[in-house]
Structures are given as structure tokens and as C-alpha cells.
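For the record, in the sequence shown the residue sitting at position 139 is 120 according to our numbering, with numbers rising by one throughout.
Treat the hints with care, since some could be wrong.
Claimed, not checked - Straight-line alpha carbon distances no greater than 30 Å define the calculated BS3-like cross-link-like pairs of lysine-lysine that follow:
| no. | residue 1 | residue 2 |
| --- | --- | --- |
| 1 | K14 | K38 |
| 2 | K40 | K6 |
| 3 | K25 | K40 |
| 4 | K62 | K93 |
| 5 | K25 | K38 |
| 6 | K93 | K57 |
| 7 | K18 | K6 |
| 8 | K25 | K6 |
| 9 | K93 | K81 |
| 10 | K6 | K17 |
| 11 | K25 | K11 |
| 12 | K57 | K34 |
| 13 | K18 | K34 |
| 14 | K14 | K25 |
| 15 | K28 | K17 |
| 16 | K11 | K28 |
| 17 | K40 | K17 |
As the list claims (entries may be wrong) - Beta-carbon label-pair distances, calculated as ranges:
| no. | residue 1 | residue 2 | range |
| --- | --- | --- | --- |
| 18 | Y2 | D33 | 45 to 53 Å |
| 19 | L54 | E78 | 16 to 24 Å |
| 20 | F13 | D33 | 29 to 37 Å |
| 21 | K57 | E78 | 28 to 36 Å |
Quick caveat, the hints were computed from the structure, so don't treat them as lab data. We treat Cβ as the ideally placed atom computed from N, Cα and C, and that holds for glycine.
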Amino acid sequence: MKRRHGINPEKNFSKTNKTQYLKEKISAQKIFKISKKIEILINKRDKIMIQDKIIEKSKPNSRIRTLIQIGRLVEKSSLLKTFEIELGEDLQSNLDENNKASSLLNFLIYSKDHFLENEEFLRNKLKITENKTGEKLLK
């Protein structure tokens, strides 16, 4: 189809203008591709940063979980009854509860010091064994 009005851009370009036009078109395409790759990398970086934040948040949760499990072991051992500590008591709020907590802590420290000195007792009564690396394990 013939054009009646206007100029044909293909015919009116000189070789240098056409070359310059193609270079600009190609460089624009390269810039577009590079910007897309940069966008993908930024998204990956953001995902990694989010995962790192999740891991950082889970560290205190892991500590809390462990402390709760230790508390459950103390409860199962009936040490709470022995020291007249009831579940739900705030052991830091008043002097009486604080004395109960101090008594329990002193008992645990004494027990640790006393029983760790007696290796034979630990092996026989608490069934402590060593794994392949020599680490002592409580079974």
C-alpha cells in the first residue's frame, strides 16, 4: 500500500541515522533486559532478608520453648510440690514466692554440684552414656 502523505521513515534515514537508530533501539532493549534482571535480583534479596528476619524472630521463640519444656520437666519431677510452688504463681512478685524460687534454685544448684562429682551415680541411676564423639548424653 502506497503512502500518499507523510514521509517514509525507512527511506528518509541515511545510513548513519539508521545505524544510530538501531544502536539506540538495541541499547534500549538491553537496558530493559538488564532492568528486568535487576528487578528479579532485588526480589530475591528481599525474600532472603525476610527469611533472615523470620529466623531472627524464631531464636527467642526457641529459647522460650526450651524454658517451657524445662519447666514441664520440673513439674513432672514433683519439685513444685516439694517446694510448695503452685502453677500460675508469680515467683518474682512478693517475698514469699521469691523465697520458694530461691529454695528451688539452691536445690538445683546443689544437686548439680553434688551429682556431677559422683560419676558412678550418674552412670547407674541416671543412665548417662557417651556417644561416638565422647559427648555425655542423659537417657
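Comparing the hints with the structure gives:
1. K14 - K38: violated, 36 Å
2. K40 - K6: violated, 52 Å
3. K25 - K40: holds, 23 Å
4. K62 - K93: holds, 20 Å
5. K25 - K38: Distance of about 20 Å is within 30 Å: holds.
6. K93 - K57: The hint holds at about 18 Å.
7. K18 - K6: The hint holds at about 19 Å.
8. K25 - K6: Cα-Cα ~29 Å, so holds.
9. K93 - K81: holds, 18 Å
10. K6 - K17: Roughly 17 Å between the alpha carbons, so the hint for K6 and K17 holds.
11. K25 - K11: holds, 21 Å
12. K57 - K34: violated, 35 Å
13. K18 - K34: holds, 24 Å
14. K14 - K25: Holds. K14 to K25 sits at ~17 Å (cutoff 30 Å).
15. K28 - K17: Satisfied, since the Cα-Cα distance of roughly 17 Å is no more than 30 Å.
16. K11 - K28: holds, 26 Å
17. K40 - K17: violated, 35 Å
18. Y2 - D33: 45 to 53 Å: holds, 46 Å
19. L54 - E78: 16 to 24 Å: This hint holds: roughly 20 Å between Cβ atoms.
20. F13 - D33: 29 to 37 Å: Holds, since F13 and D33 (Cβ atoms, about 31 Å apart) stay within the stated range.
21. K57 - E78: 28 to 36 Å: violated, 21 Å
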